[in-house]
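So the sequence lines, in the order shown, correspond to chains A and B. Take the position in the first sequence, starting the count at 1, then add 17; the result is the number in my numbering. Take the position in the second sequence, starting the count at 1, then add 17; the result is the number in my numbering.
What the hints contain is simulated information worked out from the structure, not anything from laboratory work. Where hints are given, some of them may not hold.
Since the list gives no way to pick one copy over another, a pair counts as held whenever it fits inside one copy or between any two copies.
Under the rule of at most 25 Å between Cα atoms (straight-line distance), these lysine to any residue pairs were calculated in the SDA-like manner [unchecked claim]:
(1) Lys50 / Tyr127
(2) Lys50 / Pro97
(3) Lys78 / Glu65
(4) Lys50 / Ala106
(5) Lys78 / Leu95
(6) Lys185 / Arg36
(7) Lys78 / Ile47
(8) Lys50 / Pro102
(9) Lys50 / Gly200
(10) Lys50 / Val126
(11) Lys78 / Ala106
(12) Lys150 / Arg196
(13) Lys150 / His135
(14) Lys50 / Leu83
(15) Lys50 / Ala62
(16) Lys78 / Thr195
(17) Lys78 / Glu165
(18) Lys150 / Leu215
(19) Lys78 / Pro45
(20) Lys50 / Leu201
(21) Lys50 / Leu187
(22) Lys78 / Glu64
(23) Lys50 / Glu105
(24) Lys50 / Gln76
(25) Lys78 / Ala35
(26) Lys50 / Glu114
(27) Lys50 / Ala210
(28) Lys50 / Asn103
(29) Lys78 / Ser42
(30) Lys50 / Asp69
Predicted model only: the values in this text are computed from it and were never measured.
2 protein chains.
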Amino acid sequence: MIVTPERPSQSLVVEPVARLIEAFSRLPGIGTKTASRLTFFLLRAREEQARDLANAIIQVKEQVRLCSRCFNITIGELCPICLSPNREAGIICVVEEPLDVLAIERTGVYRGIYHVLHGHLSPLEGIYREHLKIDALLARVQSEPIEEVILATNPNTEGEATAFLILKDLAPLGVRVTRLARGLPTGGDLEWADADTLGSALEGRHDL
Amino acid sequence: MIVTPERPSQSLVVEPVARLIEAFSRLPGIGTKTASRLTFFLLRAREEQARDLANAIIQVKEQVRLCSRCFNITIGELCPICLSPNREAGIICVVEEPLDVLAIERTGVYRGIYHVLHGHLSPLEGIYREHLKIDALLARVQSEPIEEVILATNPNTEGEATAFLILKDLAPLGVRVTRLARGLPTGGDLEWADADTLGSALEGRHDL
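Chain A on its own, in the form it takes in the complex (with noise of 0.2 Å):
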């Protein structure tokens, strides 16, 4: 018995709810349902919650800038990472968002310092050599005393592309370049790896 559909007013969804769901929706990895959810959650949640998480969202940009020396984001002038003497100054590693310094400072593996440069090359998407800090960086690498230069952007294409980019820049500075190694991940299973990581491994395999 189903009658004329008359389709269900999207007006029925208050103006200011609509909104939210909206604004969610805008945010990468969140769709249509997972923003009414967390609207719906705000609207039941105490007032204090929800003022919390808009606060924080104006402070992160009121608050949150690049550091001027490797952009990476910090809340000063240089960053933590820059200021911070117990850091070798002579290894930069450069990677393509500030997201990447926290995986690879959590690996406690590094004590150099780090260059973000923000995005990777992606003609398609409209980004250039322009749009990301490979200036500053051979500019950094001329005016302060590198010894070796890691490129630690993705492994995929443009990370790649990235990489063979500055590789090319940096090679009449003589400087040592780096790149991350390829294999299987830790806790990995031979069968389950792709052909282009499994290549990688027994390109990459060392004596024990």
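Following the hints, put chain B in place on chain A, whose structure we already have.
Showing chain B alone in chain A's frame:
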């Protein structure tokens, strides 16, 4: 060559960033990884997009309230459904949450009015009868020309318990009480249906 893993100081995450990650991860279904992703997305996003989201959160709390009759969400005194002259005022559909109203409206099948309980019975979570809008429902059934009450609480343990409690309360009032049909979902597959659903489908079979 793992060095002494002087643990990556969380202080590397600048404070406003840490606070936004924390605020995002207090939302349901958002873990720390997703919260970081959203935070770093907003860091890169246009000022305006971040401000839109923050304002939408504040406004949803400031402007949205509950319909004084059916407890659906609204911005005025009554919700759009209660205000509409085109709804059958003799049928009332009882749901757990405002989102359930939207789900039923999307079907285009229902022309009656609603009553939102704002939860379900759940002694384990400390939600008892008095936390739900049950007394208000009984008052409506006594004062409005209601002929049928559809108990559309969820088809799970809490929803069933809630429906059973309301059924008992409604019994003395002599109103017709119905429950949504249970059976195979449209587009579903007999082979993958759970025993309970398939059992309900058998019990509820009808002549063709």
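Lys50 and Leu201: within-copy, between-copy, both or neither at 25 Å Cα:
Answer is between: at 23 Å across copies they meet the 25 Å cutoff, but 36 Å inside does not.
At 25 Å max between alpha carbons, let me know whether Lys78 reaches Glu64 within a copy, between copies, both or neither.
both (22 Å within a copy, 7 Å between copies)
Evaluate Lys50 and Pro102 at a C-alpha cut-off of 25 Å and name the case that applies: within, between, both or neither.
So Lys50 and Pro102 fail the 25 Å test inside a copy (48 Å) and across (30 Å) alike.
With identical chains, the pair Lys78 and Glu165 could be close in the same copy or across copies; at 25 Å between alpha carbons, which is it: within, between, both, or neither?
neither (33 Å within a copy, 53 Å between copies)
Are the CA atoms of Lys50 and Leu187 at most 25 Å apart within a copy, between copies, both, or neither?
neither (47 Å within a copy, 34 Å between copies)
When no copy is specified for Lys50 and Ala210, does a C-alpha distance of 25 Å or less occur within a copy, between copies, both, or neither?
For Lys50 and Ala210, the Cα distance is within 25 Å only across copies (24 Å; inside one copy 33 Å).
How would you label the pair Lys50, Gly200 (within, between, both, or neither) given a Cα cut-off of 25 Å?
Classified as between; 24 Å across copies, 38 Å inside a copy.
When no copy is named, should Lys50 and Pro97 be tagged within, between, both, or neither for a Cα gap of at most 25 Å?
Classified as between; 22 Å across copies, 39 Å inside a copy.
Within a copy, between copies, both or neither: which one fits Lys50 and Leu83 at a CA-CA cutoff of 25 Å?
Only across copies: Lys50 and Leu83 sit 22 Å apart there, 34 Å inside one copy, limit 25 Å.
One pair to classify: Lys78 and Ala35, alpha carbons no more than 25 Å apart. Within, between, both, or neither?
both (24 Å within a copy, 13 Å between copies)
When no copy is named, should Lys50 and Glu105 be tagged within, between, both, or neither for a Cα gap of at most 25 Å?
neither (47 Å within a copy, 29 Å between copies)
Taking 25 Å as the upper bound on the Cα-Cα distance, should Lys50 and Asn103 be classified as within, between, both, or neither?
Answer is neither; intra-copy 47 Å and inter-copy 28 Å both fail.
Checked against the numbered hints given earlier, the structure breaks hints 4, 6, 8, 11, 16, 17, 18, 21, 23, 28 and satisfies all the rest.
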